[in-house]
Amino acid sequence: MPIRDTPSESYEFDSSALPLLPLVYVAWADCTLTYDEIDTIGKIVKRQTWLDAAARQSLARWLDPGAPPTARQLQQLLITIRRLARDLPRERRSLAQLGIDLARRGAETIGDWDAPEAERALAEIEDVLGVIGSEASQELIAVSVTAPPPEEALPEFDVSELTALLDGEHAETRERVFAILDDPQFVYEYGLDKAVYRERVLEWCRALAANGVGALSFPEAYGGRDDLGAFITAFETLAFFDLSLLIKFGVQFGLFGGSVERLGTERHHERYLTDIGTMALPGCFAMSETGHGSNVRDLETVARFDAEKDEFVIHTPSDHARKDWIGNAALHGRMATVFAQLEIGDERHGVHAFLVPIRTTKGKPARGIRIEDCGHKLGLNGVDNGRIWFDKVHIPRENLLNRFADVSADGAYSSPIVNPSRRFFTMLGTLVGGRISVAAAALSAAKSGLTIAVHYGQRRRQFGPAGEPELVILDYLTHQRRLMPRLAAAYAFDFAIKYLADRFINRRPEEEREIETLAAGIKALSTWQTTDTLQTCREACGGKGYLAENRIADLKADTDVFTTFEGDNTVLLQLVAKGLLTQYKHQFGELKLFGAVKFLVRRTARGALALNPVTTHLTDEDHLRDPDFHVDACRFRERRLLASVAGRLRDFIEDGHDTTSAFNTCQDHLVSLAKAYAERVVVEQFAICAQAVEDESYGPALKTLSDLYALWRIEQDRGWFLESGFLSQNKSKAIRTLVNRLCGDVRGDALALVDAFGIPEKLLGAPIGI
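If you count by my numbering, then the sequence shown holds residues 260 to 1029, one letter each, in order.
Think of the hints as simulated: they come from the structure by calculation, not from any bench. Incorrect hints may appear among the rest.
[Stated by the list, open to error] List of simulated lysine-lysine pairs, DSBU-like, C-alpha gap at most 35 Å:
#: 1; residue 1: Lys453; residue 2: Lys651
#: 2; residue 1: Lys636; residue 2: Lys453
#: 3; residue 1: Lys803; residue 2: Lys962
#: 4; residue 1: Lys651; residue 2: Lys568
#: 5; residue 1: Lys636; residue 2: Lys568
#: 6; residue 1: Lys803; residue 2: Lys636
#: 7; residue 1: Lys623; residue 2: Lys568
[Claimed, not checked] Label-pair distances were calculated between CB atoms; the ranges are:
#: 8; residue 1: Gly609; residue 2: Asp442; range: 42 to 52 Å
#: 9; residue 1: Glu808; residue 2: Gly1007; range: 22 to 32 Å
#: 10; residue 1: Asp442; residue 2: Asp917; range: 35 to 45 Å
#: 11; residue 1: Asp910; residue 2: Glu953; range: 44 to 54 Å
#: 12; residue 1: Leu337; residue 2: Tyr449; range: 38 to 48 Å
#: 13; residue 1: Leu736; residue 2: Asp791; range: 46 to 56 Å
#: 14; residue 1: Leu451; residue 2: Glu631; range: 15 to 25 Å
#: 15; residue 1: Asp927; residue 2: Leu736; range: 32 to 42 Å
#: 16; residue 1: Asp791; residue 2: Arg995; range: 13 to 23 Å
Glycine is no exception: its CB is placed at the ideal position from the N, C-alpha and C atoms.
Take the sequences, apply the hints, and build the full model.
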């Protein structure tokens, strides 16, 4: 049986050598054998008496390490093998057995190769090759198999019932917003010119206002429903569509309108709220400055009271004090809520909010106003961000938003809140609703990415056993490890944000500091989780996820800034840690930590952090899936970090360092504490909600998600838990093993779980094709 390449090169196989064809092919095609291994195979061949001289000679040429066969020769050899194996039954067999089967088909007579000693020699060669013979033989004789469409298992629960649970009490608002977005004018397009995009977003925003969506949180007297929960739900729902629209909507109705409503009094409400709610008065929220960013307390813009004219004079003293990244400023805003240092005579009273006209009704900058476009951005290019300078702009005294402080005509300053620091943070408390809304909107973007990636993972096939259909990529453990914990995180943050929003809406005065602290922490973790989730979803969709039409690219770009607006996440976490350190002494927001630190060191020194030597080593599944264990782990970490950072701060302060220096030295420690606190709340709330579900159909799926999220978070920080002695090595390994299994369990419900988000197909972009 000749195998020829060129006239100058001709290798021939005697029929007695047919059993060796698969082994010879694998020996070279595997490309991992050493000369010594090939030499060993050659020696085994030479010992075989069932091979005639011609066969041994031809095999010696094929197994010569100094003259390996060419690629074409190997291809011809493979063609010969597959021709002989064409009608062989598709079953698992060793390379040695495959060779014998080929010889039985290709030889004219039964030779000595059919003897037991020949089969033993073939098996010995196969052992030298070091391959899994059954898989190698399948690969050799494999033919292309067209994969059937993946079968989607029917969910074990009614998806609509889980959707109803997630929608909660504001399901009607969500459906109302979805109905508006179903109008043909709301079509998501990619690559729009910036100017065209901005005008389209403006028209969308006006359409929402015309449907009463923007004014949902305003009092009924001004066209609203006095329903902050419905407004947050509407904002969260809009995040399933165009995120530039979301931000413009949030600036107009949440920040600008919200500042007038919550910082102003009846005179401001009567004059402005109706027009804000209908977008007859487009506005801005001008807090951030180029030189200060998150440091609102030290803003430089000045509002000096002119008693003779009964006016405030708003002025930008330097380029560092220009208002920067102000949404609605570059094109459409006509008025801005401007945060500035209030000065009366020689006395400064801190940051207050003022209503300042920035454009005329014809759209021209008002007198003393200079506006500049921020330009093209990484994302959100449908939002007209701008910079604003004020050159001694005069506004009426009544334009001070005076709910928490006022100035009389004779220049007397008054406030119902005596403490300046408390007054400042009470004013900034108006940002809490914005932080909750941003956390919820970020979660919506993550849900969109997960829905796209999970459906793609169920349709896309890749690799698999030779001769069989390729596997659905969602069946690979690595793919499950990427997506399933993040799907669990989406559910975890859904319940945590609902808990936070409910507490904020129904807050009592004594709870405000705690809620502000929690909102800062949840906002930071939620937006970071979204960034991580969308990157993972992009990668899980391969090149398809990189295409703009498949939505994930814009979701990534548009949500990237979520981690730094409504407060830079790292700065917010420092505020969280400060709040945890000082809440017992009611010193939130100040660096006067010494008394609080001493108090905490004493408080945590009373044995509250003792480890249980039994539970440290428990590895049984019932224990590892016990919500009490999950919450205890998170609470232990939070308390241990609180105690240790308090001790460090105490030592620094007692050594003579000022509190600012001490705080700066411990920043990484403080951020870890803040993350631990917020993560504990998320784990705890998910566990509470999952346990409270009485529905026996989707209840088990939620319980599995809750367990997966908690154990995944413990696993992610297992280095700390091991260092602290909370986990033994065996327990850490057991958690890793259980996370793998829970990923597989969640995979079975993954399609139903993302479909329960209830996102209309129109808002998900083009379905990713294969």
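Hints and how they fare:
1. Lys453 / Lys651: The given pair, whose Cα atoms are some 32 Å apart, holds under the 35 Å limit.
2. Lys636 / Lys453: The given pair, whose Cα atoms are some 10 Å apart, holds under the 35 Å limit.
3. Lys803 / Lys962: Satisfied, since the Cα-Cα distance of roughly 33 Å is no more than 35 Å.
4. Lys651 / Lys568: Roughly 13 Å between the alpha carbons, so the hint for Lys651 and Lys568 holds.
5. Lys636 / Lys568: violated, 42 Å
6. Lys803 / Lys636: Answer holds: Lys803 to Lys636 is near 23 Å, not above 35 Å.
7. Lys623 / Lys568: holds, 25 Å
8. Gly609 / Asp442: 42 to 52 Å: Roughly 46 Å apart at Cβ, these two residues keep to the hinted range, so it holds.
9. Glu808 / Gly1007: 22 to 32 Å: Holds - the Cβ-Cβ distance for Glu808 and Gly1007, about 30 Å, lies within 22 to 32 Å.
10. Asp442 / Asp917: 35 to 45 Å: Violated, at about 59 Å.
11. Asp910 / Glu953: 44 to 54 Å: holds, 51 Å
12. Leu337 / Tyr449: 38 to 48 Å: The hinted range 38 to 48 Å holds for Leu337 and Tyr449, with Cβ atoms some 45 Å apart.
13. Leu736 / Asp791: 46 to 56 Å: violated, 19 Å
14. Leu451 / Glu631: 15 to 25 Å: Between Leu451 and Glu631, where Cβ atoms are some 22 Å apart, the hint holds.
15. Asp927 / Leu736: 32 to 42 Å: Distance hint for Asp927, Leu736 holds at roughly 33 Å.
16. Asp791 / Arg995: 13 to 23 Å: At 19 Å between Cβs, range holds.
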